[in-house]
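Novice: Using the sequences plus the hints, can you model the full thing?
Protein chains in written order, with our numbering: chain A, 485 to 659; chain B, 485 to 659.
These are calculated hints, taken from the structure and not from any lab test. Everything numeric in this text was worked out from a predicted model, so none of it was measured. Cβ coordinates follow ideal geometry from the N, Cα and C atoms, glycine included. Among the clues, some could well be false.
Derived DEER-like restraints, expressed as beta-carbon distance ranges [unchecked claim]: (1) Pro556(B) with Glu587(A): 49 to 57 Å; (2) Glu587(A) with Val613(B): 19 to 27 Å; (3) Gly582(A) with Pro556(B): 42 to 50 Å.
Output of the computed footprint for chain A on chain B, the stretches with three or more beta carbons under 8 Å from beta carbons of chain A [stated by the list, open to error]: (4) 492 to 501; (5) 508 to 519.
There are 2 protein chains.
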Amino acid sequence: MEFQFNDALPVLRRTPTVLRGLLLDLPDPWIAATEGPGTWSPFDVVGHLIHGDRTDWMPRVEHMLQHGDAVPFPAFDREAMFAASEGLSLTELLDTLGRLRTENLDRLVGLDLTDADLARRGRHPELGVVTLSQHLATWVAHDLSHVGQVVRVMARQYSTAVGPWRIYLSILGRA
Amino acid sequence: MEFQFNDALPVLRRTPTVLRGLLLDLPDPWIAATEGPGTWSPFDVVGHLIHGDRTDWMPRVEHMLQHGDAVPFPAFDREAMFAASEGLSLTELLDTLGRLRTENLDRLVGLDLTDADLARRGRHPELGVVTLSQHLATWVAHDLSHVGQVVRVMARQYSTAVGPWRIYLSILGRA
Numbered sequence: 485m486e487f488q489f490n491d492a493l494p495v496l497r498r499t500p501t502v503l504r505g506l507l508l509d510l511p512d513p514w515i516a517a518t519e520g521p522g523t524w525s526p527f528d529v530v531g532h533l534i535h536g537d538r539t540d541w542m543p544r545v546e547h548m549l550q551h552g553d554a555v556p557f558p559a560f561d562r563e564a565m566f567a568a569s570e571g572l573s574l575t576e577l578l579d580t581l582g583r584l585r586t587e588n589l590d591r592l593v594g595l596d597l598t599d600a601d602l603a604r605r606g607r608h609p610e611l612g613v614v615t616l617s618q619h620l621a622t623w624v625a626h627d628l629s630h631v632g633q634v635v636r637v638m639a640r641q642y643s644t645a646v647g648p649w650r651i652y653l654s655i656l657g658r659a
Numbered sequence: 485m486e487f488q489f490n491d492a493l494p495v496l497r498r499t500p501t502v503l504r505g506l507l508l509d510l511p512d513p514w515i516a517a518t519e520g521p522g523t524w525s526p527f528d529v530v531g532h533l534i535h536g537d538r539t540d541w542m543p544r545v546e547h548m549l550q551h552g553d554a555v556p557f558p559a560f561d562r563e564a565m566f567a568a569s570e571g572l573s574l575t576e577l578l579d580t581l582g583r584l585r586t587e588n589l590d591r592l593v594g595l596d597l598t599d600a601d602l603a604r605r606g607r608h609p610e611l612g613v614v615t616l617s618q619h620l621a622t623w624v625a626h627d628l629s630h631v632g633q634v635v636r637v638m639a640r641q642y643s644t645a646v647g648p649w650r651i652y653l654s655i656l657g658r659a
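Specialist: As structure tokens, this is what we get:
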């Protein structure tokens, strides 16, 4: 699919709802589960998405509109949530993500981006020249990727519990 | 995690809601998108889950309770949805999945399974001896795996649209 603003927007709108549906009030072991040392739990993923909504997605849109590719984006700290989520409950994180996402998409829609705007260039600190539409497509794919991570982390908690069925379930990885 | 009935049940309850949140009223290109010939769209996945709820998950629970490992389960047709979903809308499929899942989990809870029941054996036509708890753990992992498939299929529609960001998004697969 080519990037179309009107296809992307409803996916971005749904992410907080989807994560709420998956995680809110689920028994704690699911929320804290990881794939092993150094990997993220569903709790960590929600915090990571919050940090993206705070510091990456709309700030970079606005950065591109203001500076084009003359000034690289500030770098994004993909592990900032380990400090930022400390002491918070999953419910609080889900509420925050929902609120931030609504605000951010309201700002995005308010920009009334034209096709010419979507073709505008920015400069990623590592990847070099990118376009606004690539940035927005990445926002969508990044959301979906982390929803996929959450369900993979959860599924893998049952890698042993499924017994011989494991060989049918590629999401569980190799035994 | 070891399988615990009370951990598994809320995950199974949420799957129809999660898929509704992800897919209901989304622009058609997302619903019909695949990963290429012979792969499934989100529409196909919902149909596949319906067929599992109709013919696999609870029927096999009841089969195990009745026959133990003396009689193998009937085989499951994992592609039955291609015929069964024909002419139906995604909304109809999501409604059906929600209704079937509620009925099935009500039946499951009504069985009031003991730990001894969860250890009961059945016979899979290919995998041989399995237990009831392995079957229920597989139901959970299978649901999560297909939610993961839906978001992966969707994300991959933007494999090109994300431009250079592709190298950061492992969900998109190799270029």
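Novice: Given the range 49 to 57 Å, decide if the beta-carbon distance of Pro556(B) to Glu587(A) lies inside it.
Specialist: Hint holds: Cβ distance 56 Å, inside 49 to 57 Å.
Novice: Checking C-beta pairs, does the stretch 508 to 519 of chain B have three or more residues closer than 8 Å to chain A?
Specialist: holds (count 6)
Novice: Quick one: are Glu587(A) and Val613(B) within 19 to 27 Å, going by C-beta?
Specialist: violated (54 Å)
Novice: Is the listed coverage of the stretch 492 to 501 of chain B by chain A valid when you require three or more residues with a beta carbon under 8 Å from a beta carbon of that chain?
Specialist: The restraint on the stretch 492 to 501 of chain B holds, since 4 of its residues have a Cβ under 8 Å from chain A and three suffice.
Novice: Just to be sure I understand the hint, the distance between the Cβ atoms of Gly582(A) and Pro556(B) should be within 42 to 50 Å; is that true here?
Specialist: holds (47 Å)
The earlier numbered hint that this structure contradicts is number 2, and it is the only one.
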